[in-house]
Structures are given as C-alpha cells and as structure tokens.
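K.L.:
The whole structure should be built from the sequences, with the hints applied where relevant.
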Amino acid sequence: MIVGLSGGPAAALDLALPSGARLMRETLTDAGSYAVPLGPWTETGIPTRMVEGRISRRSWRIESSDLTTLQILAPVRDGLIAQGYEILFECRTRSCGGFDFRFGTDVIAAPEMYVDLTAFRFLSARGPGGDVVSLLASRSGAAGYLQAIQAGPVDAVLAAPPAPGALSGVVMQIETAGHVVLPDLDFDSGAAELGGAVASLDALAGWLTGDAARRILLVGHTDAVGSLAANTALSKRRAGAAVTYLRDKGVAAAQLSAEGAGYLAPRASNLTPEGREQNRRVEAVLLP
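Everything in the sequence shown is counted per my numbering, starting at 1421 for the first residue and increasing by one.
Just so you know, the hints here were simulated from the structure itself, not pulled from any lab data.
Check before you lean on any hint, since a few could be wrong.
Restricting the straight-line Cα-Cα distance to at most 20 Å, the calculated cross-link-like pairs of lysine to aspartate or glutamate (EDC-like) are [unchecked claim]:
| hint | residue 1 | residue 2 |
| --- | --- | --- |
| 1 | Lys-1669 | Asp-1622 |
| 2 | Lys-1656 | Asp-1668 |
| 3 | Lys-1656 | Asp-1604 |
| 4 | Lys-1656 | Glu-1595 |
| 5 | Lys-1656 | Asp-1631 |
Computed beta-carbon distance windows for the label pairs [to be verified]:
| hint | residue 1 | residue 2 | range |
| --- | --- | --- | --- |
| 6 | Arg-1667 | His-1599 | 18 to 28 Å |
| 7 | Ala-1611 | Gly-1550 | 37 to 47 Å |
| 8 | Thr-1692 | Ala-1617 | 42 to 52 Å |
| 9 | Thr-1664 | Thr-1462 | 44 to 54 Å |
| 10 | Pro-1467 | Ala-1632 | 48 to 58 Å |
| 11 | Ser-1677 | Leu-1648 | 17 to 27 Å |
Don't be surprised by glycine CBs; every beta carbon is placed ideally from N, CA and C.
P.N.:
Structural data, given as structure tokens:
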C-alpha cells in the first residue's frame, strides 16, 4: 500500500511513501543553499550542483522489517518521474561511494534518519519548475528510513500553492494511526520550553480549528535522568507547553488536554545521549 503526502517547498511534490511511514523530522529554510550530488564519490570528492532558494528537509521511519531499500525508493522515484522530474543521478551503496559518499553529503542526524553504510540508495532529480529533489533510502534491522531534500527558487515555490484539503504528514499520521510524535519539538534535558515557531503544532492547529469536534491529548515524555516523580511532572509541563502554543493559535481549550508519562514509555535506550534525546518528546493522541 502506498500513501501520498504533499508538502515541502513545492506543493506539487507528492511522495508515494510506503504505508505506515512516520514523519520524523521536517525543517524549512526560506533562503538557503543545497549541494545536490550529481555523481558518485571519487578521490576528488562528490560532483555537486549548488542550488539556492527555499530548502525543505524531511525524513520518515517506516515500521517494517521486510522492506528493502529498493522497495522504499522505487515507488517514490516512479512518482517523481510521473510528475515530470528528470533523474540526474542514481546509485546504490558501493556505486555511490559507500562511506565517503554518505559522509560527504547532507544527511539528517540520527535518530530522525538512519543510514546503514552497507545498504542505502540515493537519487537526485530536477523538476519541471526548476527545483531539485534528492532521496536517500536505508534501513535498520527493524525499520526503513527515507530522507527527501527539496531545493529551489522561492518564485517557483510560491507559484504552486498547496492543493485544497492537502494534509501535512503530522495530520495524516494522527488521522490514520490515531497518534503522532511531534518531530520538531526539541527539548534539552530538564527543560520544557518551546523556542519559536513549530511546524507540526501549526499543522495541528489548522486541523483542530477546522472542526470543533476534534480533540487531542498531548502526552509528554522524558529521558530517565532523575526521579520518576520529577520526570512525570516535567513531561506534563512539556505537554502543557504544546497546549499553550495551540491555544495561542486559536484552538479551543475543550479540544486539548495534557498529561505526562515521564520515562515510562521510551522509544530508545536511555544509556546513550542519542537515545535520551529521542525519548524527550511530545506525542499527540486523537480522542473520540
């Protein structure tokens, strides 16, 4: 089963993601640059083309132990071609340049993106509107991962507004799965403050204000540093910060509630800095 998602800098870009794909990270830079790879790594480096404009970076985790990197990438590639994209470069692990290619190109940091150095695929493509897209697919023992970077002129981006009714990845996830981890809420250990705009909460705010019958529970989670009581209180403050943000965006109080789970529901090991960072999060749960 394939799920279509629209988003990123050019709304016309529609990615045919495998069923169950969960958005892990989404960032948007209004004015930036991206060196899109056009060939494999050699002793002189990776041949690239520098593209300036609006840059979107997204990653997904696909909960499956069976999907190969080709099964992850192929439907997305075919969907791009159907939208008029021209493939510029495509490679697999060793033909990309292996370790040197992986660490010579732009990759979202773990745990939001994972790359097995022995099993990954990459492609870059140019769209009819002048934007470029790169895809990187890999997997761990338990899940698949996909990264998509889209870059292009701001004029080309603004020329294609989102299709009416298009759902963000966060909204699609909560509607289909009933819950979603908000990937862009980052907390330091012991902290509960949100810094600036949060795209996932903005998407939820638009969805909630569109139907007063919709209700969600925000659940905060922590790492395992400190006592359970302290972490339970901290996690509820984190969920409360998300509620405050949504209230400021016009969401009714009756549609929102907040609870804290402390460190009782970890996503990763608390024995590593990376695992603790992954465990500090807020999840939105759809209520009946």
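K.L.:
For which of the previously enumerated hints does the structure constitute a violation, in increasing order of number?
P.N.:
4, 5, 8
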